[in-house]
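Each protein sequence line maps, in turn, to chains X and L.
The numbering used here puts the first residue of the first sequence at 1, with every later residue one more than the last.
The numbering used here puts the first residue of the second sequence at 316, with every later residue one more than the last.
FYI, nobody ran anything at the bench for these hints, they're computed from the structure.
As the structure is a prediction and not an experimental result, all values here were calculated from the model.
Please note that a few of the clues may not be correct.
To be verified - These stretches of chain X come out as covered by chain L in the derived footprint (C-beta under 8 angstroms, 3 or more residues):
#1 20-26
#2 166-180
#3 185-192
What the hints assert, rightly or not - Pulled from the structure, derived: some chain X residues nowhere near chain L, Cβ distances all over 12 angstroms:
#4 H44
#5 S46
#6 F48
#7 G64
#8 E81
#9 T96
#10 N133
#11 E236
#12 Q249
#13 L271
#14 D283
#15 Y288
Stated by the list, open to error - Per label pair, the in silico range of CB-to-CB distance:
#16 L:D695 x X:D304: 53 to 63 angstroms
#17 L:G537 x X:R199: 16 to 26 angstroms
#18 L:C686 x X:R256: 40 to 50 angstroms
#19 L:G537 x X:D149: 44 to 54 angstroms
#20 L:F680 x X:S46: 48 to 58 angstroms
#21 X:E191 x L:R744: 32 to 42 angstroms
#22 L:G537 x X:P183: 27 to 37 angstroms
#23 X:D163 x L:V733: 31 to 41 angstroms
#24 X:R230 x L:H339: 47 to 57 angstroms
#25 L:P770 x X:R199: 11 to 21 angstroms
#26 L:R497 x X:V17: 16 to 26 angstroms
#27 L:V732 x X:D54: 52 to 62 angstroms
#28 X:E191 x L:V732: 19 to 29 angstroms
#29 L:D358 x X:E191: 36 to 46 angstroms
Each residue gets a CB set at the ideal place from its N, CA and C atoms; glycine is no exception.
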Amino acid sequence: MSSDSYITSFRQELKVVAVVVVFLFLLEFLARVIAPHLDYDRMHISKFGEIVADMPAEDRRESGHLCVLGNSLLMHGFDEELFGERLPSVAVTKLTPVGTAVHDWEMLFRRYLEGEGSLPKHLVIGFVAHHINDSEPVKLRRMARHFADVGDLPYLWDHEAFDFHLKTQSVLSHYSALIGDQPEHRLRSLECLIPDYRRGLNRNKDFTSRVVVEESGGARVEPGFRRMSRFLARCEGHGIEVYLVPMPQPEVWDMRPEVGLAAAEYGAVVLDARRIEGMGASDFSDGYHLGETGVVKFTNWLADEFKRLGVYGDE
Amino acid sequence: MLFNSYQFWFFYLLVIVVYRFLSHRDQNWLLLGASYYFYACWDWKFLPLILVTTLVNFYVARDLSVMGLRGRRVLVTFAVVVSLGILAYFKYANFFISSTQEFLLAIGFQADLSTLSIILPVGISFYTFQTLSYTIDVLRGRVEATRSLRDFALYVAYFPQLVAGPIERASQLLPQIVERRRVVASDFTVGLSLVMTGLFLKVVIADNVSFIANGAFMAPVGAITGTDALVGLYAFAFQIYGDFAGYSFMACGVSRWLGIHLMVNFARPYLAKGPSDFWQRWHISLSSWLRDYLYIPLGGNRGGKVKTYRNLMLTMLLGGLWHGAAWTFVAWGFLHGLILCVYRALGNPFSGGMGRVGSFLAGLFFFHLVCLTWLFFRADDFEQAWYMLCLILTEQCGSAFSVYGFWMLVFLCLPLVVAEVWSDRDEGRWLHCLPWRMRAGVYCYIMLMVIVFSPAILSDFIYFQF
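Excised from the complex, chain X in its bound form:
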């Protein structure tokens, strides 16, 4: 430095550090206060504890408790009240955090269902292609903060081959709302501060992702299904009957044969909802999620499938 003509002492510098530390604690406090109110999804996530507490306990599993696990496809696509009307004796619990995939569901299952001893008798998992294969990137902060228990983090590190940086990040994210919810804070803040943020960002992503695809030579990497297999094996170990539901989309999508093979290996049933009779593009609200009419059609279809299979007896 060209000038050291200033007065300083360790004590004074410690005061500076102390102010910064207090500031960080204040930020953390603020992040915890606003966490459940960030958006509808966070409100839903913050209620997982209550939802699971309301679930029938282990000894009541024979009553036919059904847990619906998925993401926004099922959040907007499945009506538990309608389903309840069709199958009145079934208690339905819906855990559908937005933007999640099979690795999130497994951690969520370990923390909220396995950990609390509230295992369902039946588990419905709704997805489209990329949600269940291993190429889906892990949203580490969110998963560590909301879906994984601290005791489950080593399990995550082992299976996802995390380096030291990611391991540390996951621990910090688990304990700190400021760090765990950081992507959401960043997004919300920039949306408020930067004009045209969302549109510009999406355009930017289009430009950069195009090159990533080109650099891979356009070669399709065969997706693995280890995450899904692990999850299915875990459910099978608990004696839970799993129903894999490939969700409807405006255009019928290709499901890889590995899904059916894994389902057969672990005793899961595939209920193929990709083609539901009478469902068309107008049943989708945004080209991806089911709209008002689509929800009714899908829920009725699922209830009919359960009846057809005799899952709940002669109901």
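Dock chain L against chain X, hints included.
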């Protein structure tokens, strides 16, 4: 092991805690071991290269004092050939092979020269230049050769500046390694301000704006407007500054906590009013190296105008090539050489007693000249650089991308610009000179930005590839 990774800080914490309890001699052993470990974390297979460079230059420099003139020349030539030979092989072999092939093809010969499968060792350009400067300084009698291989090895491999500089001089760094170091409060204060500044530059500025720059430079032909390209170019200008200066500041900061002062490598370069001013502010350790070991030995400005221009062009062309083995880097160096020559010939177009306005315009004009050169530095090839330049000059039209990119730049970089203008108005006014309450306030702002606005992906430093 990136400075902005948890792994580095865990490693550094271990080093500094043990360091405090050791004698000076053992501190140097610890730093040497830590430095080799730090380098091995990148790729342990390249450690022998550092060892060879170290041993050759250490023994050559040591024996220079007992040799006659002819023997000294032979020894120094040997050291230069070994050091530059390693650099040439690992960094430039494929460049020379492919360039030769293209040249032969252009003059009508069909040659099938296959390129080699070579990985560029991280930091090789930095430690090669640092080691060479020591041997040359010993030859010139400016530095006394050290008798301790341990101290010299530490001078070459000292971890805070090993992989991306600053390129230290033996006269500055070696005495600090050889002599006992004292722990003083000012080192803690200055170190903290440097680390904070570096973190802000790297994590908040470089990593965020790199995404915008990548978007503009990766967009398919026809997908962006000239305004988009311009915003992408500004973004790259701040990305490369934030990235490299951020690394340098953090290197200086962590070194300062060990009691070793590294040279300032960046001094508000975008506030430069002309090319000479710029090169006294940007990558100072490299530009001063090129001046002392290339430009001046070539004759500097002592042989008349034509020779001065020739020397400037040669120095800048080699400076460009130092940055990377590609013709776009050579073009970047050429453009900077040309700017230096033109400014030397014509003078600063905005100078001449215009006061603050003239000074501002000079800075603004020169900033855009620098941005123009960055276009060639960042572009994949000349075709892309030319295409984007044409777009910028002919097709100014806003879009969602440019609006978002522009305001992101304002949001992220404006505080930095304000701080640099404040600092530049009184040379030597740095963050650590602020009263403690204001300093704490600035650190709180930096921490807020680092935590809330850091992007999801941990990025490498651009200069690691040079």
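Against the structure, the hints come out as follows:
1. 20-26: n = 3 at 8 angstroms, threshold three: holds.
2. 166-180: holds (count 4)
3. 185-192: holds (count 4)
4. H44: Its Cβ never comes within 12 angstroms of chain L, the nearest being 22 angstroms, so this holds.
5. S46: 20 angstroms, holds
6. F48: 24 angstroms, holds
7. G64: 42 angstroms, holds
8. E81: 37 angstroms, holds
9. T96: Consistent with the label, X:T96 stays out of reach of chain L, its closest Cβ about 23 angstroms off (over 12 angstroms).
10. N133: 21 angstroms, holds
11. E236: 34 angstroms, holds
12. Q249: The assertion about X:Q249 holds, with a minimum of 27 angstroms to chain L.
13. L271: 35 angstroms, holds
14. D283: 30 angstroms, holds
15. Y288: 21 angstroms, holds
16. L:D695 x X:D304: 53 to 63 angstroms: The hint (53 to 63 angstroms, Cβ to Cβ) holds, given that L:D695 and X:D304 are roughly 56 angstroms apart.
17. L:G537 x X:R199: 16 to 26 angstroms: 19 angstroms, holds
18. L:C686 x X:R256: 40 to 50 angstroms: Once the Cβ atoms are compared, 48 angstroms apart, the range 40 to 50 angstroms for X:R256 and L:C686 holds.
19. L:G537 x X:D149: 44 to 54 angstroms: 50 angstroms, holds
20. L:F680 x X:S46: 48 to 58 angstroms: 55 angstroms, holds
21. X:E191 x L:R744: 32 to 42 angstroms: With a Cβ separation near 36 angstroms, X:E191 and L:R744 satisfy 32 to 42 angstroms, so the hint holds.
22. L:G537 x X:P183: 27 to 37 angstroms: 32 angstroms, holds
23. X:D163 x L:V733: 31 to 41 angstroms: About 37 angstroms separates the Cβ atoms of X:D163 and L:V733, which means 31 to 41 angstroms holds.
24. X:R230 x L:H339: 47 to 57 angstroms: Hint holds: Cβ distance 54 angstroms, inside 47 to 57 angstroms.
25. L:P770 x X:R199: 11 to 21 angstroms: For L:P770 and X:R199 the Cβ distance comes to about 18 angstroms; the hint holds.
26. L:R497 x X:V17: 16 to 26 angstroms: Cβ of L:R497 to Cβ of X:V17: about 21 angstroms, so the range 16 to 26 angstroms holds.
27. L:V732 x X:D54: 52 to 62 angstroms: The hint (52 to 62 angstroms, Cβ to Cβ) holds, given that L:V732 and X:D54 are roughly 55 angstroms apart.
28. X:E191 x L:V732: 19 to 29 angstroms: The hinted range 19 to 29 angstroms holds for X:E191 and L:V732, with Cβ atoms some 24 angstroms apart.
29. L:D358 x X:E191: 36 to 46 angstroms: Given a distance of about 41 angstroms, which is inside 36 to 46 angstroms, the answer is holds.
When each numbered hint is compared with the structure, no violation occurs for any of them.
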